[in-house]
Amino acid sequence: MLKALLARARQGHRTMAYPAGDPPPLPELFRGAPALDPSRCPEGCRACADVCPTDAIPREGPLALDLGRCLFCVECLTACPEGAISFTGDHRLAARQREDLVVSAGPVRLASALDGKLRRLFGRSLKLRVVSAGDCNACGSDVNVLSTIGWDVGRFGIQVVASPRHADGVLVTGPVTENMRLALQKTYAAVPPPKIVIAVGACAISGGPYAGHPEQHGGAATVLPVDLFIPGCPPHPLTILDGLLRLLGRLEEERRVPTRP
Amino acid sequence: MARNGRALALRDVPVLPLDEFRRWLVGGVAEGQRIAAYFGALEPLTLFAVLADDGGGRLLVAAARAEASMASIAAEVPQAQLFEREIAEQHGVVFEGHPWPKPVRFPAAVPGSVAGVQDFFRVEGSEVHEVAVGPVHAGVIEPGHFRFQCHGEDVFHLEIALGYQHRGVERALAGGPTKRTIPYMETLAGDTTIGHTLAYSQAIEALSGAGVSARAQAIRGIALELERLANHAGDLGALAGDVAYLPTASFCGRLRGDFLNLTAELCGSRFGRSLVRPGGVVFDVTADKAAVLKSRLLAARRDTAEAVELLWDTPSVVERFENTGRVSPEDARAAGLVGPAARACGIPIDVRHDFPLGIYRFVHLPVMTAHHGDVSSRATVRWLEIQQSVQFILKQLDGLPEGRPRAEVGALRPDALVVTLTEGWRGEICHVAITDTAGRFARYKVVDPSCHNWTGLALALRDGQISDFPLCNKSFNLSYCGHDL
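Chains A and B, in that order, give the protein sequences.
FYI, the numbering for the first sequence is 309 to 569, going by the numbering used here.
FYI, the numbering for the second sequence is 46 to 530, going by the numbering used here.
What the hints contain is simulated information worked out from the structure, not anything from laboratory work.
Where is the CB? At the ideal position from N, CA and C, for every residue including glycine.
Treat the hints with caution; some may be incorrect.
Claimed, not checked - Facing chain A, from chain B, some residues (calculated, C-beta under 7 Å):
no., residue
1, Gln210
2, Gly213
3, Lys224
4, Thr232
5, Gly235
6, Phe296
7, Glu351
To be verified - No farther apart than 35 Å at their CA atoms in a straight line, the calculated lysine-lysine pairs in the DSBU-like style are these:
no., chain 1, residue 1, chain 2, residue 2
8, A, Lys435, A, Lys494
9, B, Lys440, B, Lys334
10, A, Lys425, A, Lys494
11, A, Lys435, A, Lys425
12, A, Lys494, B, Lys147
13, B, Lys440, A, Lys311
14, B, Lys147, A, Lys311
15, B, Lys440, B, Lys339
16, A, Lys503, A, Lys425
In isolation and in its complexed conformation, chain A is listed as follows:
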């Protein structure tokens, strides 16, 4: 017992100050919101689109990137001869509309808060049932992290619950495999209305690397009405938290974006 108390004293208070204080530092190599400069694209060049594993970069029109498909890998960065694509250290990526995830020269159009009744209901208490529907356990793990002491989403009234009957919404990870479709639909049906759906990760938004496979359905929106899309492969916990807080209207003033060394 004494040892446990001593350990508690030494390990210290670890819950981050964010959002009241600064967000936790992100690694130097972290790949967040993309910065695209279509003016650098040589005539007719689509070297980036050629190497993109998920076809997140369209072959026609000005340079654009679909964050719903993007795996935030390094293929396009390496392939571009002109440095027209870079990833910034900005963790904020979540959007309310699927089309808002397609970015070109401008910034990401970030998620707006729920309005009216939903915000009154969920703004200070949101219980979520998490359903893994073909995820590789990376998105699931970093959703789980939000309940650990460092992140402690309980501070915001956000809690992961076991029974869909106790939930206000469903958080989906994975491309929705055919073998999980029915279980996902039944889980959603068991949540009392009004309810929301949150899609976390490239798979849950677009099928990710599995898009086009007959074994899956190409994301949560193909079977459920999605209210919030959080891109990444997997999204950083800070990106997920940012999306949740935006949705609940708890992050209206712009927080300072962490700077990289």
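Fit chain B to the given chain A structure using the hints.
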């Protein structure tokens, strides 16, 4: 004979008559070898098997032409049961006399198959009841279905039905490599990104003859051990949580993140995405970065030691861990268990020691074992491995050899076969690549350690208490997607 990470011409793989092939498998296992992989490939359908002789460091490969209906060896060689079911499901052949001819992944290609809909073993009796759990579980966890046959709290039998995570990876790997092959490897089991991508990269290097610098091999080793650290530390915390010991649960939940963040320092991703590639690694480790990693790793080691040692100092934890979820060494060998689950039964196998490749050819790690096969032993092995892995990483960071991070990779050798083994944090990852005449994948077979070890979890519950299931489950912490592919 094959060697880990050494390609051989397909024509050098002995093709045995089916009877002789079966005798070879049965005899090999009787002598103490393990089935590392057993699958169907090519046209006409050919069975390939890889036997691992752990003590001798040898890999034995043989093949046989398949028939529409063949005799099963599963009753005699229990560790073959899942492989035979998988071959039957993937290729529409029959293994006569298989005691358990059930679906594995319920693929769409099998008409009328619905995930989880199958006959389960039943124990009959007026006081026997059945408990069905999943695919959606209480926690944030991947989906699977567990069917318990119980008498009161006592579990007579647990049957595990998976397949819910089936994404069609192996089917899509055929004909590759393509630009999606790397993302497939990185998400086969997303908590084992480094392990699987390393096994794949070593297969490509063997088939293309690419050389990897000593520096890249050391960085890969650092990443593989960091992956082990994050998962072992996280699981020890989760085990503490499952016996309601909150101090270690809280501390280790945070420490797992500290280890993941070290991986993110290497490549920007907490799960090691975009780090390992055929030919080496994408990002180098500068001297400054090595110093930062070292100081953060030392801090995490101190905090982890303190958090984990609380477990053994707390009688209520020790009481719950000991004698819970016991697997005997005989059962472990028969089921073909690998990784910490096998080592906790006193079986001293570890790919890093028995079939060393890359950095492990130069830096030898002792094999950590425990001897009771229970939750306590599995926790002990994890803790011993945490200490070994930290030491290994510190040593690498202190003396990173020179070399280019990444070498060019040429075309793949046609009509060849390569087996690569990697010791992931769950145990032996086995990849087998077979190329066609154009140097494309005619077949790419993945065996996640979970394929071997799910049977171990089922055995651990026998004669246990159903309320111990979460604890036993976490002590194995197996991959659903790695199994379902």
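Do the hints match the structure? See the list:
This hint holds: Gln210 (chain B) has a C-beta 5 Å from the nearest C-beta of chain A, less than the 7 Å allowed. Against a cut-off of 7 Å between C-beta atoms, the interface hint on Gly213 (chain B) holds, since the closest Cβ of chain A lies about 4 Å away. Evaluation of the Lys224 (chain B) hint against chain A yields a held restraint, the C-beta minimum of about 5 Å falling below 7 Å. Look at Thr232 (chain B): its Cβ gets to within about 4 Å of chain A, closer than 7 Å, so that hint holds up.
Residue-level restraint check for Gly235 (chain B) holds (minimum Cβ-Cβ distance to chain A is 3 Å; threshold 7 Å). A least Cβ separation of about 5 Å between Phe296 (chain B) and chain A falls short of the 7 Å threshold, and the interface hint therefore holds. Interface restraint check: Glu351 (chain B) against chain A, minimum CB-CB distance 5 Å, threshold 7 Å, status holds. Restraint check: the Cα-Cα separation between Lys435 (chain A) and Lys494 (chain A) comes to about 17 Å, which is no more than 35 Å; the hinted pair holds.
Among the hinted pairs, Lys440 (chain B) with Lys334 (chain B) is consistent with the structure: their alpha-carbon atoms are about 15 Å apart, no more than 35 Å. Of the pairs offered as hints, the one joining Lys425 (chain A) and Lys494 (chain A) holds, with about 25 Å between alpha carbons and a cut-off of 35 Å not exceeded. With a C-alpha separation of about 16 Å, the suggested pairing of Lys435 (chain A) with Lys425 (chain A) holds against the 35 Å cut-off. With a C-alpha separation of about 25 Å, the suggested pairing of Lys494 (chain A) with Lys147 (chain B) holds against the 35 Å cut-off.
For the hint pairing Lys440 (chain B) with Lys311 (chain A), the CA-to-CA distance comes to about 31 Å; that is within 35 Å, so the pair holds. Taking the CA atoms of Lys147 (chain B) and Lys311 (chain A), the gap is about 50 Å. The hint is violated against a cut of 35 Å. The straight-line distance between the Cα atoms of Lys440 (chain B) and Lys339 (chain B) is roughly 10 Å, inside the 35 Å bound, and the hint therefore holds. About 11 Å separates the Cα atoms of Lys503 (chain A) and Lys425 (chain A), which keeps this hinted pair within 35 Å; it holds.
In this structure, the one hint that does not hold is number 14.
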